[in-house]
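Participant: This is what each chain is made of:
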Amino acid sequence: MGKTLFLEAEEEMRIRYSELKNSPPEFFEEIGKKLRAEIMPKAGVNYKIYLKEEPKLKADEEEIAKTFSLCPQCVSLLKAVIFKRDNKVWIRKVCPEHGEIEELYWGEYELYRKFKEWQFDGKGLLNSHVPLLALCPYNCGLCPRHKSHPALINLVATNRCDISCWYCFFYAKKAGYVYEPTLNHIRYMLKRARMLRPYPAIALQITGGEPTLREDLVDIVRIAKEEGYTHVQVNTHGIALAFNPKLALELREAGTNVIYMSFDGVTPYTNPKNHWEVPYALENLRKAGLGVVLVPTLIKGYNDHEMGDIIRFASKNMDIIRGVNIQPVSLTGRIPRKEREKMRITIPEVIAEIERQTNGQISKHDWYPVPSVASISRFVEAITGKPQLTLTTHFACGAATYVFKEGDELIPITRFIDVEGLLRFLNEKAEEIEKGRNKYIVMLELLYKLRKFVDLSKAPKRLRRKGRLLKHLYKIFIRHDYSSLGEFHYDSLFLGMMHFMDLYNYDVSRVQRCDIHYVMPDGREVPFCSFNVIPEFYRDKVQRVFSYTLKEWEKLSGKSIMQQKYKRNIRKLITGKPYKRHYASIIDLDAIPYEDHVMASKKFGVPVVED
Amino acid sequence: MLSLTAIKFYLRSEIPRRIDIKVKPCIYVITPTEYEICDPVSKKEFSYDEDLLIFDKEFSGTLLISSADIAQGEFRGEIYNYSIPDKAKFILKVYKIKEGIREKVIYRVYVIDEGSKIREVYSERLPRIGISNKSKRLRNIAKQLGLDVKNLLRLPAC
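Protein chains in written order, with our numbering: chain A, 1 to 611; chain B, 1001 to 1158.
Please note: incorrect hints may appear among the correct ones.
[What the hints assert, rightly or not] Partial pick of chain A residues on the chain B-facing surface, computed with a CB cut under 8 Å: (1) LEU51; (2) PRO55; (3) TRP118; (4) ASP121; (5) LEU132; (6) ARG145; (7) HIS394; (8) VAL508.
These are computed hints drawn from the structure, not numbers from a lab.
Here a beta-carbon is modelled for each residue, glycine too, at the ideal position from N, C-alpha and C.
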C-alpha cells in the first residue's frame, strides 16, 4: 500500500478509493490492518472519561441500577443512574462540562420488571477483531468485552439515496462523499463476519443509503450466499421495487429471503416517504414470491396513533407480509429536552398503544423481551452439543410476539401456548443436561409434558385440526426438524420492536449485549448503537476514509448524484388499482384531497411531478 | 525484576443480570524444580480512573465481566502487584471464584520470554470450562506447556 493511495491534502485520512477498484479481497485485509489503530477514537483527543461525578437521586426517586452512559454534547463517558419515578424508568447523568441530562429510559416500570427476569447473557466471542485499547464504547470492533455474537450483520452497500428525508444526515449529498464498497471489498467484509466464533454471522441485512440504487445489488446477494449467509434481507424504501418487478424476481432468485421495507404509517400524512409506492412494491413482491417485513419508525404524536392500522394493514396482506418490526425513534442531533419529550416513545408505550388500538386483541401480556427465546437455543445446544444462534441482547432493547389470524381476529401465540412456562421448562431441562443428566431421559420428559403447555381450545382452528400444533412442537423440540416452522408460521405475523439508543438514553450495558452489528470497510464489526449513535467515531469516520469524492464518483459512474433524485407522480399512483386495493379497507381514500398528498410529499422532501 | 498484576474483587448486581461473585487471585512461580506461592508486594484500592481497562483485560475474556458490569452494582476491588523472581520460567495465575454457593477456579499461565517479558500462553474462559474438573485441566496445561504434572497437581494452598 503506497503513500499515493491517500489523499494528502485532506484534513482527515482518506484513501483514493477509485484506485482500489480491481483490488482482491485480501488487499482490503492488508489496508484494514494498517488503518484500524489510526481510525479508532483517541482518549483525550476525541472524548474524555468523567467517572468521578455520581448523579444524585431526588426524594421521590428509587434507584434501579447504575451504568455508564455518554454525554450527548461531548460523548464523554459518564456515570449514570437508572431509577424509578412515577412508575416509569429514567436515566440521569452529569457531565462536568455540559451539566445534568435526564431522559426517559422505559415508559413503564412493571413491564421493565417483567422483562428483566428474562435476561440471558451470551458467551461472548472467542475471537474478537480488535485488542482492548480503550473503554466501552470507544473500542468497538467487536472487542473481547462484547457479550453477544452477531444475530444480524448489516452491510452498508451505498450511502447514496434517491430521496432526501429531512431527518437524515447520512446520505451522500449531505455527507459530501460516496461510500460504495466494491464487490471484492464487500466479500472481504462478509468473510470477516463469518470468521467470528463461537457462532459466525449467518444473517445479513443489505442496507444503505438506498441499496436498490446499486446496479449490482443482486450480485451482492449472490456473494452473501456464496459466503455462507443463510438469511439475506434487503432494507429499502421499496420505491425501486414498486416500479421494477424484475428486480423483485432477481433478488428472490439470487437468494434474498425477505425485504425489510420502511412503512411509517398508512396515510400520506404519517408516511410521506413511501405511502404511494408501498402497494405497488407489495404487488411486485407478491408476484415474485418474496416476503416483506414492514418497518415503522415510531415518533410520539406523529404516527404512534396508527399502530393498530399498520398491524391491520399487515394482517390483511399476510400472504406476503411476514412481520412488522417497530422501531421507536432514536433521537439524533442536539435536541432540547422539551422537544425530546414531545417525540420520545419507548417500548412499553408502543405496547400499550397497540393494546388500545387493537381493542385488546394484542395485550401487553403477549410481549416478551428478545432474550427470552435464548432458552430454546440453550436447550437445543444442550441436546445437540453444537453452538446455536442465541439472541442475548439486553432485555430493554426489544420485544416480540407472534399473532395468528382467524377471520378478522388476531390471536397472539401466548393465548394458546404457555410461552412463559415452556421457556422456563426448557431452561431448566437445559441446565439439567449441562449438569450431566441423560439427554434422552430429558427428551422423554419433554415429550410427556409438552401438551401441558398447550391449550388447544384457544388455538386457531387450523392448528387444532389433527393435532397439528402438538405435531409442530414435537418436530421442533424433539426432532429438531425445523421444516415445519414454515407451516407453523403460515397465517401468522411476527410483531417485533427494537428500540435503538441515542446519546440521551445511552446505556453501555445495552451496547455490550447488542447482536445487530455493522461490517466496517476496515474489517471490524461494530454494534448498531455505536455505529449510528457515535457516527463521528464509527460510521462517518470510517466510511469517509474508504469513499469517493462526489466528483470522482460522478466521473466513474457517468451519473449525476442530483439527477438520481426520485420525483413522485402522485396522481398516477393514487389512481392505480394496487393503491386502492391495499388501502381501501384501512383508510378513507376519498377523504384525502389530492393537494394533501402533494403537500405531504413535498414537505417531506420528495418533489411531485404531473403526467 | 518483572512485575505482574492481579485483581481481587467482589461484585453484586441485579440488572441487567444477577451477578454475585467474589474473585481472589493466587500466583504461583514455576521454576524447573519448584512451584511456589508468590505473595503480592503491594496492594491498592481499585480506582475507576486508572484500573477499568486493566479490569477489562483481566476479566472480559475469562469471566465475561467487564467495567460496564462493575458500574452496575456494588463493587469492591483491590489491585495486587507481584514481583516475579528472576528464576521463574512460568507463572500460574489462579483465580478462585465464588458465585453464590458455587466455587470454581480458572487458570492462566504466563511464560517468561528470555527473562524480560511476560507473555500469556494459556487462559481459560469461565463459560467454556463449565463443570470439567480441575485435575483434568491441570493435566492439559502440563501437557501443553511441558510442565511436571505431579507438581502442578500438588500446588500449595494459598
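Participant: Each of the hints needs a verdict: does it hold here or not?
Facilitator: Each hint tested on the structure:
1. LEU51: holds, 4 Å
2. PRO55: violated, 12 Å
3. TRP118: violated, 10 Å
4. ASP121: Hint holds; ASP121(A) Cβ to chain B Cβ min 5 Å, cut 8 Å.
5. LEU132: holds, 5 Å
6. ARG145: Holds: closest Cβ of chain B sits about 4 Å from ARG145(A), inside 8 Å.
7. HIS394: Holds: closest Cβ of chain B sits about 5 Å from HIS394(A), inside 8 Å.
8. VAL508: holds, 5 Å
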